[in-house]
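There are 2 protein chains.
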Amino acid sequence: MIQTSPTADDQTPTIRDQIVEAADAHFSRYGYAKTTMADLARAIGFSKAYLYKFFDSKQAIGEAICTRCLAPQFATIAAAVEAAPTPHEKVRALFRTSVKQCLEQFFNDRQLYDIVAFSRSENWASSTKYVTDLNALLESIIRLGRANGDFERKTPLDEVCRGIWIAVLPFSDPVLLQHNLDIVEDGLPAVIGLILRSLST
Amino acid sequence: MIQTSPTADDQTPTIRDQIVEAADAHFSRYGYAKTTMADLARAIGFSKAYLYKFFDSKQAIGEAICTRCLAPQFATIAAAVEAAPTPHEKVRALFRTSVKQCLEQFFNDRQLYDIVAFSRSENWASSTKYVTDLNALLESIIRLGRANGDFERKTPLDEVCRGIWIAVLPFSDPVLLQHNLDIVEDGLPAVIGLILRSLST
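Line by line, the protein sequences are chains A and B.
full-length UniProt numbering puts the first residue of the first sequence at 1, with every later residue one more than the last.
full-length UniProt numbering puts the first residue of the second sequence at 1, with every later residue one more than the last.
One thing to keep in mind: the hints can contain errors.
As the list makes no split between identical chains, a pair holds if one copy fits it or if it spans any two.
To be verified - Lysine to aspartate or glutamate pairs mimicking DMTMM-like chemistry, simulated, CA-CA at most 25 Å apart:
| no. | residue 1 | residue 2 |
| --- | --- | --- |
| 1 | K129 | E185 |
| 2 | K129 | D182 |
| 3 | K34 | D17 |
| 4 | K154 | D186 |
| 5 | K129 | D186 |
| 6 | K100 | E89 |
| 7 | K154 | E185 |
| 8 | K154 | E89 |
No lab work stands behind these hints: they were computed from the structure.
Produce the complete structure using the sequences and hints provided.
Okay, here's the thing in structure tokens:
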């Protein structure tokens, strides 16, 4: 049960944070689809009306859970890209890290994976932001590679990014990845190799 | 009801053909998953035991339906590739034609599409043959492009084919395509463009 007593400490989780935490645990156990707002309110120890003061729908809680999960994932990917020395290595780091995270989530927290996959297929704001941020990161790498003379400059930048994004979808999209688990190991290096050849001058 | 009286005419469909035809119609109406061998036998007018003389499982009938559907699809793709004048155009023809056929099946015969998608995810022999044939066709185009001097020759051929195959999966695999219908129109040209740039000398 969540304590709602106020506190002056900024580090203390807010009530919203605690609801998200409790909902995450509940979804992990019973699944997102099968849980209702009434179930969540009961599990948390709130009245349903009081829960609605913080989140106006189950999806709003789901989005908060996805954001909590995807924001650190993106930070890890951005750090791996930052650490990679060349544009070629940055492209590799971007896709290797993002797919690795997807796979870890699939095997370690399947219920959360399913919520994230659902959020992706339904274009929830939480997933749209993650996809937009990853695309912006990809675009920044391509720009850098073009400025350095590592990558070709003839093809329009948005067309290049679009093609790359599609090519890695079988492994980077959680909805598709679950159908392709058996081909990740040899398929991901093959498609990254194809992408790097397509970028070369 | 199927007539089992013998005939000397080679053009007359065999009993197996007629069972496949009737099963296809039945699956299209009631769905593959929900239909049993007993349902099929009843619909065709055979005893279940007699049906088992021709096909030893529902999957065997499903495979025959997939083969009947995929064999002419492959012939159409091969003809489009044959008609395309250059290796670049042949790559485009291969993927445009195969994805177009997948899309037409999705919109015009959804139950059959679902059987084909299921057969793909389960690696039935009918789908494995189609995939193997398409990969062989792709490889023959790459060989031709290399021989002509149109395509680069440094990367191992199997690695090139593997990368290309993965990159178009979001649209060429019926299991994945149904999640990507909204991005086919701009995504397919983008990924074909990426593939052609990766092949260039």
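Hint check results:
1. K129 with E185: between (28 Å within a copy, 23 Å between copies)
2. K129 with D182: Classified as between; 19 Å across copies, 28 Å inside a copy.
3. K34 with D17: within (22 Å within a copy, 45 Å between copies)
4. K154 with D186: Result: close only across copies, 19 Å inter versus 30 Å intra.
5. K129 with D186: For K129 and D186, only the inter-copy Cα distance (21 Å) is at most 25 Å; the intra-copy one is 29 Å.
6. K100 with E89: within (16 Å within a copy, 35 Å between copies)
7. K154 with E185: between (32 Å within a copy, 22 Å between copies)
8. K154 with E89: both (21 Å within a copy, 20 Å between copies)
Of the numbered hints stated above, none is contradicted by the structure.
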